[in-house]
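Colleague: The primary structure of each chain is shown beneath.
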Amino acid sequence: DVKVTQSSRYLVKRTGEKVFLECVQDMDHENMFWYRQDPGLGLRLIYFSYDVKMKEKGDIPEGYSVSREKKERFSLILESASTNQTSMYLCASSPLDRSTQYFGPGTRLTVL
Amino acid sequence: AQSVTQPDIHITVSEGASLELRCNYSYGATPYLFWYVQSPGQGLQLLLKYFSGDTLVQGIKGFEAEFKRSQSSFNLRKPSVHWSDAAEYFCAVGAANAGKSTFGDGTTLTVKP
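Just so you know, the protein sequences line up as chains R and P, in that order.
For the first sequence, the numbering used here assigns the number 244 to the initial residue and increments by one for each residue that follows.
For the second sequence, the numbering used here assigns the number 663 to the initial residue and increments by one for each residue that follows.
By construction, these hints were calculated from the structure, which means they are not laboratory data.
Yeah, the Cβ is synthetic: ideal placement off N, Cα and C, and Gly gets one too.
Any given hint could be a false lead.
[Said to hold, decoys possible] Here are the simulated lysine to any residue pairs, SDA-like style, with alpha carbons at most 25 angstroms apart:
no., chain 1, residue 1, chain 2, residue 2
1, P, Lys711, R, Thr248
2, R, Lys300, P, Ala663
3, R, Lys246, P, Phe713
4, P, Lys711, R, Asp281
5, R, Lys246, P, Glu750
6, P, Lys723, R, Thr343
7, P, Lys711, R, Leu284
8, R, Lys300, P, Asp767
9, R, Lys246, P, Gln720
10, R, Lys314, R, Pro338
11, R, Lys246, P, Ile722
12, R, Lys300, P, Tyr687
13, R, Lys246, P, Asp747
14, P, Lys711, R, Asp340
15, R, Lys314, P, Gln704
16, P, Lys711, R, His272
[Stated by the list, open to error] Facing chain P, according to a computed beta carbon distance under 8 angstroms, are these residues of chain R, among others:
no., residue
17, Gly283
18, Leu284
19, Thr343
20, Pro348
Please put together the full structure from these sequences, using the hints given.
Modeller: Okay, structure coming up:
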């Protein structure tokens with residue numbers, strides 16, 4: 244089975260802190276994605292990556308950056324966390340044909 | 663641009679009753695369509711997907727969905743709901759070479775005993 248793991252299930256940070264969310268997949272998938280999920284807004288794509296060192300902006304990239312130095316790992320970075328970035332963050336990966344996405348359990352981030 | 667509408671924010675059904683969750687999409691070409699389920703505190707799990715061929719698609723946990731091009735719909739059905747089906751359900755649309763999917767806002771299913 245495909246496994247996508249996220250470094251933390253719950254995270255509490257203060258405004259202005261730099262925050263790293265890590266995601267690792269074990270199926271050698273080329274594509275990886277970061278979403279945020281908010282009540283009533285569904286899933287919104289922040290960034291995605293087709294390959295190592297490659298990234299593309301999604302629908303809401305402002306305030307975020309990403310890093311993909313190794314194929315299995317995709318990091319989401321909040322350079323200076325703000326309270327409006329309090330949310331559930333979901334990581335996903337998919338194989339080269341870009342079909343089914345496999346999701347991690349999510350990280351619930353609270354910014355105080 | 664592609665989009666997905668799930669008209670029902672919340673649905674309540676009795677255990678054993680049938681279920682239909684609606685999904686309408688907007689996409690210029692033949693879409694890839696997905697239904698995912700999210701249990702509380704968990705990530706999303708794929709229930710089923712449609713790429714081409716037979717428009718009635720069978721998935722896991724006894725779910726099925728039917729692609730109707732004329733109605734731009736991909737509704738999810740289950741003939742008899744179990745209490746463990748209580749969750750949030752997301753419909754998504756993607757394309758073969760677009761690399762990303764667009765998700766609906768989700769429908770929360772409550773199952774009454």
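Colleague: Please go over all the hints and tell whether each is borne out by the structure.
Modeller: Evaluation of the provided hints:
1. Restraint check for P:Lys711 and R:Thr248: the C-alpha separation of about 23 angstroms stays at or below 25 angstroms, so the hint holds.
2. Annotation: proposed proximity of R:Lys300 to P:Ala663 holds, straight-line Cα distance about 16 angstroms (limit 25 angstroms).
3. For a cut-off of 25 angstroms, the pair hint linking R:Lys246 to P:Phe713 stands: about 23 angstroms separates their Cα positions.
4. Distance check on the hinted pair: P:Lys711 and R:Asp281 sit about 24 angstroms apart at the alpha-carbon level, within 25 angstroms; holds.
5. Distance hint between R:Lys246 and P:Glu750 is fulfilled; the C-alpha atoms sit about 21 angstroms from each other, no more than 25 angstroms.
6. Note on P:Lys723 and R:Thr343: the hinted pairing holds, with a Cα-Cα distance of about 17 angstroms set against a maximum of 25 angstroms.
7. For the given pair, P:Lys711 sits about 22 angstroms from R:Leu284 by alpha-carbon distance, which is consistent with the 25 angstroms threshold.
8. A C-alpha spacing of about 20 angstroms is found between R:Lys300 and P:Asp767, which places the hinted pair at or below 25 angstroms, so the restraint holds.
9. Proposed proximity of R:Lys246 and P:Gln720 is supported: the alpha carbons are some 23 angstroms apart, at most 25 angstroms.
10. Only pairs whose Cα atoms come within 25 angstroms are accepted, and R:Lys314 paired with R:Pro338 is accepted, the gap being roughly 12 angstroms.
11. With a C-alpha separation of about 18 angstroms, the suggested pair R:Lys246 and P:Ile722 falls inside the 25 angstroms cut-off, and the hint holds.
12. About 23 angstroms separates the Cα atoms of R:Lys300 and P:Tyr687, which keeps this hinted pair within 25 angstroms; it holds.
13. At roughly 22 angstroms between alpha-carbon atoms, R:Lys246 and P:Asp747 fall within 25 angstroms of each other, so this suggested pair holds.
14. Under the criterion of a C-alpha separation no larger than 25 angstroms, the hint pairing P:Lys711 with R:Asp340 is consistent with the structure, at around 14 angstroms.
15. Taking the CA atoms of R:Lys314 and P:Gln704, the gap is near 24 angstroms; set against the 25 angstroms cutoff, the hint holds.
16. A hinted pair counts as satisfied when its Cα atoms are at most 25 angstroms apart, and P:Lys711 with R:His272 qualifies at roughly 19 angstroms.
17. Because the beta carbon of R:Gly283 sits about 6 angstroms from the nearest beta carbon in chain P, less than 8 angstroms, this interface hint is met.
18. Hint status for R:Leu284: holds, given a least beta-carbon distance of 6 angstroms to chain P, under 8 angstroms.
19. Using the Cβ-Cβ criterion of 8 angstroms, the hint placing R:Thr343 at the interface with chain P is satisfied: the shortest such distance is roughly 5 angstroms.
20. Of the supplied interface hints, the one on R:Pro348 holds, with its beta-carbon coming within about 5 angstroms of a beta-carbon of chain P, less than 8 angstroms.
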